[in-house]
Amino acid sequence: MMGVLSTVSTWALPMTLAFILLSGVARRVPVYDSFVTGAKEGFGTAISLIPQLIAMMVAVSVFRASGALTMLVRALDPLLHLLHFPPELLPLALLRPISGSASLALVIDVFKIHGPDSFLGKIASVMQGSTDTTMYVLTVYFGSVGIRNPRYAVKVGLLSDLVSVIASVFFVTWMLQ
Amino acid sequence: MMNVIWVTLFGVGIVVAGFTGHIEAVTAGILNGAKDGVFVSFGLISIIAFWLGMMKIAEDAGLVASVSKWVRPFARWLFPSVPVDHPAMGSLIANMSANILGLGNAATPLGLKAMRELQELNDKKDTASDAMCTLLALNTASLTLIPATMIGLRMEFHSTSPAGIVGATAVATLVATAAAIVLDRLFRARSRRVKREGITR
Numbered sequence: 001m002m003g004v005l006s007t008v009s010t011w012a013l014p015m016t017l018a019f020i021l022l023s024g025v026a027r028r029v030p031v032y033d034s035f036v037t038g039a040k041e042g043f044g045t046a047i048s049l050i051p052q053l054i055a056m057m058v059a060v061s062v063f064r065a066s067g068a069l070t071m072l073v074r075a076l077d078p079l080l081h082l083l084h085f086p087p088e089l090l091p092l093a094l095l096r097p098i099s100g101s102a103s104l105a106l107v108i109d110v111f112k113i114h115g116p117d118s119f120l121g122k123i124a125s126v127m128q129g130s131t132d133t134t135m136y137v138l139t140v141y142f143g144s145v146g147i148r149n150p151r152y153a154v155k156v157g158l159l160s161d162l163v164s165v166i167a168s169v170f171f172v173t174w175m176l177q
Numbered sequence: 001m002m003n004v005i006w007v008t009l010f011g012v013g014i015v016v017a018g019f020t021g022h023i024e025a026v027t028a029g030i031l032n033g034a035k036d037g038v039f040v041s042f043g044l045i046s047i048i049a050f051w052l053g054m055m056k057i058a059e060d061a062g063l064v065a066s067v068s069k070w071v072r073p074f075a076r077w078l079f080p081s082v083p084v085d086h087p088a089m090g091s092l093i094a095n096m097s098a099n100i101l102g103l104g105n106a107a108t109p110l111g112l113k114a115m116r117e118l119q120e121l122n123d124k125k126d127t128a129s130d131a132m133c134t135l136l137a138l139n140t141a142s143l144t145l146i147p148a149t150m151i152g153l154r155m156e157f158h159s160t161s162p163a164g165i166v167g168a169t170a171v172a173t174l175v176a177t178a179a180a181i182v183l184d185r186l187f188r189a190r191s192r193r194v195k196r197e198g199i200t201r
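Residue numbers (our numbering), protein chains in the order written: chain Z, 1 to 177; chain X, 1 to 201.
Simulated from the structure, these hints should not be mistaken for lab results. Predicted, not measured: the structure shown is a model, and the values here were computed from it. Careful: at least some of the hints might be erroneous.
[Claimed, not checked] Cross-link-like lysine-lysine pairs, in silico, DSS-like; alpha carbons within 25 Å at most:
#	chain 1	residue 1	chain 2	residue 2
1	X	Lys69	X	Lys113
2	X	Lys195	X	Lys124
3	X	Lys195	X	Lys125
4	X	Lys35	Z	Lys112
5	X	Lys124	X	Lys113
6	X	Lys113	X	Lys125
7	Z	Lys155	X	Lys69
8	Z	Lys155	X	Lys124
9	Z	Lys155	X	Lys195
10	Z	Lys155	X	Lys125
Could you build all of it, start to finish, from the sequences and the hints given here?
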């Protein structure tokens with residue numbers, strides 16, 4: 001299983017890119033021009049992250065440097081240990097559904113402290129990458145047509161985030177270690 | 001919500017630093033944090049620009065329309081309350097197809113279009129319909145085949161295998177999306193039951 005998954009990981013990106021290029025050529029798309037047009041938007045997208053990321057990185061960095069994060073992790077350790085859940089990742093798991101920038105800041109913090117290839121770094125990568133920011137999507141979609149009563153949509157969104165968190169820990173533990 | 005999160009992290013950090021006697025950590029934390037925010041955002045320009053460029057090719061090649069063929073029967077099963085020939089069905093299929101291809105930028109406008117068209121079919125305009133809840137379940141779980149931003153971020157922090165998490169991410173996202181679909185069905189059935197019992201009583 002580990003072999004299959006690492007093969008998938010190695011091949012997925014190059015294969016996807018080759019597929020996109022070939023489809024573009026087959027459909028007579030001016031691939032170079034399309035690429036440049038699309039890539040232009042990338043600059044704005046990345047730069048527009050700066051204000052939120054500064055705000056969140058400062059808060060996370062102060063929270064970490066003050067020792068508050070270590071205290072929180074120590075306090076939760078006995079409980080989370082029983083569940084086989086790494087306590088360092090609890091803040092990330094809790095904030096992932098609420099704020100994309102806060103969770104990204106927490107992933108960066110994990111990368112800085114433990115490294116992207118550590119056990120925690122890999123789980124954080126999968127947690128951040130495998131789902132979208134539930135509360136943000138709900139606000140944008142329901143807000144756009146003036147829905148005030150979301151019925152069970154919030155519960156479904158948050159419960160599937162819980163599944164995604166558990167799946168992230170599970171699959172990284174069993175397949176990437 | 002963002003206010004609460006930000007003030008809690010920031011405020012608790014400052015207070016704890018004061019009590020534990022290393023208040024100087026606050027200043028260092030602020031400077032480092034702000035620097036990281038800028039550093040990371042600039043670093044992400046490379047991968048985001050590249051990825052959006054490739055995605056534009058996929059969009060121009062009409063891959064959304066190609067995938068639609070395979071998505072259609074699945075969409076009918078997911079959205080039984082939407083008439084097959086209603087424009088909403090077309091938008092729902094397009095939104096699902098764009099999500100499967102990882103075209104996040106294209107998926108959101110299509111999803112919002114689907115919401116407007118579902119609102120036409122909705123009896124109670126301020127309450128989410130069954131179909132809307134299903135659409136939200138799919139979009140909050142967000143099936144992700146290639147987590148491009150995470151690959152870029154891992155590159156920035158000198159990972160020896162930035163794409164090493166693609167396989168695990170694909171499995172995790174599939175499981176979470178499947179769970180979202182099942183949960184949506186369960187909650188829908190429950191809300192119908194509650195409604196029916198409410199009427200007979």
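Below or equal to 25 Å on CA atoms is what counts here, so check lysine 155 of chain Z against lysine 125 of chain X. Holds, at about 21 Å.
For the pair supplied as a hint, lysine 113 of chain X and lysine 125 of chain X, confirm whether the alpha-carbon distance does not exceed 25 Å. It holds: about 16 Å lies between the C-alpha atoms, which stays within 25 Å.
Is the straight-line distance between the alpha-carbon of lysine 155 of chain Z and that of lysine 69 of chain X 25 Å or less? With Cα atoms ~31 Å apart, lysine 155 of chain Z and lysine 69 of chain X exceed 25 Å; violated.
25 Å Cα cutoff - pair lysine 69 of chain X, lysine 113 of chain X: holds, 20 Å
Mind checking the alpha carbons of lysine 124 of chain X and lysine 113 of chain X for me, to see if they're no more than 25 Å apart? It holds: about 18 Å lies between the C-alpha atoms, which stays within 25 Å.
Keeping to a limit of 25 Å between CA atoms, is the pair of lysine 155 of chain Z and lysine 195 of chain X held or broken? Holds: lysine 155 of chain Z and lysine 195 of chain X sit about 18 Å apart, inside 25 Å.
Regarding the pair lysine 195 of chain X and lysine 125 of chain X, is the alpha-carbon distance no greater than 25 Å? holds, 18 Å
Is the straight-line distance between the alpha-carbon of lysine 35 of chain X and that of lysine 112 of chain Z 25 Å or less? holds, 13 Å
Hint consistency between lysine 155 of chain Z and lysine 124 of chain X [alpha-carbon to alpha-carbon, up to 25 Å]: holds, 20 Å
For the pair we were handed, lysine 195 of chain X and lysine 124 of chain X, check the Cα-Cα distance against 25 Å. OK: lysine 195 of chain X and lysine 124 of chain X at ~15 Å, within 25 Å.
In summary, the structure is inconsistent with hint 7 from the numbered list given earlier, while agreeing with all the others.
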